Amino acid sequence: MTCLPSQSGKKLGLVIDLDTCVGCQACVTACKEWNTGGHMAPLTDIDPYGGHVDGVWFNRVHAYEHTTEMGGRTVNFPRSCLHCETPACVTVCPTGASYKRASDGIVLIDEDKCIGCKLCSWACPYGAREFDTDVGVMKKCTLCVDRIYNDNLAEEDRVPACVAACPTSARHFGDLGDPLSAVSQLVAERGGVDLMPELGYRPTNKYLPPRAHSKRAASVAAPALEPVRAEGGFLGWVDRMLSN
Amino acid sequence: MHPAFSVVFFTTATGAGYGLLALLGMFGGFQIIPPDFWLGLVGMGLALGLIVAGLLSSTGHLGRPERAWRAFSQWRSSWLSREGVASVITFIPAGLFGIGWVFLGRIDGWVGIAGFLAAIGAVVTVCTTGMIYASLKPIAQWHSHFTLPGYLIFSTMTGSVLLNALLQGFALGSKVQLAACLLLTLFGWSWKVATWRYNDRLEISTTANTATGLAGGTVRSLEWPHTEENYLLKEMGFRIARKHGARLRQITQLLAFALPLGLLAIVFALPWPLAALLSVLAAAIQFAGMLVERWLFFAEAKHTVTLYYGR
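Top line first, the protein sequences correspond to chains A and B.
Residue numbering for the first sequence follows the numbering used here, starting at 1 and increasing by one per position.
Residue numbering for the second sequence follows the numbering used here, starting at 1 and increasing by one per position.
Just so you know, these hints were derived from the structure itself, not from any lab.
Incorrect hints may have been included.
Stated by the list, open to error - Rough simulated footprint, nothing fancy, chain A against chain B, three-plus residues with beta-carbon under 8 Å:
1) 134-141
2) 268-281
Claimed, not checked - One side only, chain B facing chain A, incomplete, derived with CB under 8 Å:
3) Arg76
4) Ser77
5) Val102
6) Arg106
7) Asp108
8) Ala215
9) Arg220
10) His226
11) Tyr231
Unchecked claim - In silico DSSO-like pairs for lysine-lysine, Cα to Cα no more than 30 Å straight-line:
12) A:Lys10 <-> B:Lys234
13) A:Lys32 <-> A:Lys10
14) B:Lys234 <-> A:Lys32
Given the structure is predicted, the values throughout are model-derived calculations rather than measurements.
Every residue gets a Cβ at the ideal spot worked out from N, C-alpha and C, and that includes glycine.
Using the sequences and the hints, build the whole thing.
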């Protein structure tokens, strides 16, 4: 049923720290590696070694230059499904293939019911859904539903692959429906934001904006390094003359 | 948005087909048109032929067309599902109306009622088609008050011009029908121009700032996550050059509105069969023009995901 279920209050999702993300693409690779054998497998690659590489990815990292009166900065920006509270991708689905789980709020696709009409990808403002032209169905982030409840994994590994892979701890996983959870407190502390709040999809995932420029940082760059050894020959002579 | 030909043809053909079906059903119900065998056969054949061709074309857009039957299940939430259900239900009164008219030679009694029901079904189906687009918030050009009326107006307009061609062909044309075609085409033209003006001045509140959550200043895309175009850019990042857009709008206005208006105005003064010839020509040119219009409807629509790519 593509009508949205009444929720249990549990809202599993990600909190992504734009301050510490270094854009290393480890989460992208880990996501692809896990999920091409996971719940929505395969994550088809088309012409992977050719000139027109294409394929399905659940997580993509952009880089932006954010310029304000305080100056400019590079912001690495991971983009994946936000597991919205009112996901239009689910309600527009004509077959019931798209659904939102009542128990934890994860938005999933039943591949066996998907007719590949692509309407859900039109309805998602965030570009979270990607069509698999090889299989003919839509695919999307599962929040690693096959990891987070997986008893075969060690408890510390029961997090989405992208979270496990992040070397700078820029990705956090938890229950955003519980105001006392670590992720909810992190969002409150750092002023986490929704993407495109004006569209009213009410995303579960939150983004932590980059921290403000610090006053404690050195205001002037360190002086340039001196050459270790004096230059010899004619140029060395010119250098010595001009230095006097 | 990528203008897939299967969907462009689907909405144009079913729009014209349901428009014609609605008018045939209504005029049949009120017994304004004679229950002539050939008129019924050609008219209902044309209407249902356009609808069936359009619906079949739409399945060409699907990744797994063999599962299309599943699309009838989620009518509680999905406009696409509602469209599927409405289109199939409409076939029942439309089929009865066609059988009564063509094979029983009558459009009174239950056949007339079936005609009315088919007309209602046709209008409902066109509404559901319009709502598929009008309900999509990420595409501001579609999520507007112009979209749903546009689908209804163009369906009535093309259906009416087709009906005129049909009636003129059987030497049953009337000045009233011609005048209706002219007025509807003028109305359609004004609606399209108004829609374009609205879209050109649209101030979209969703920006690269709100898309990334980075408040204030400017957000410029430095680097894409991938070097080649992916599904998102192929499907949602379709762009046409501004100069082609302007040229295509001129072609739309010429083919869909100006030329049919001119031809139909001349028909007023022509005897049969010249009147029939020009009427058919007007309908064919208008259909071609509406294909261009529908292509532009997709090509000029901008999806919010393009903001992530700095487009």
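For this session: Would you pick out the hints that fail for this structure and give their numbers low to high?
Result: 2, 5, 6, 7 and 12
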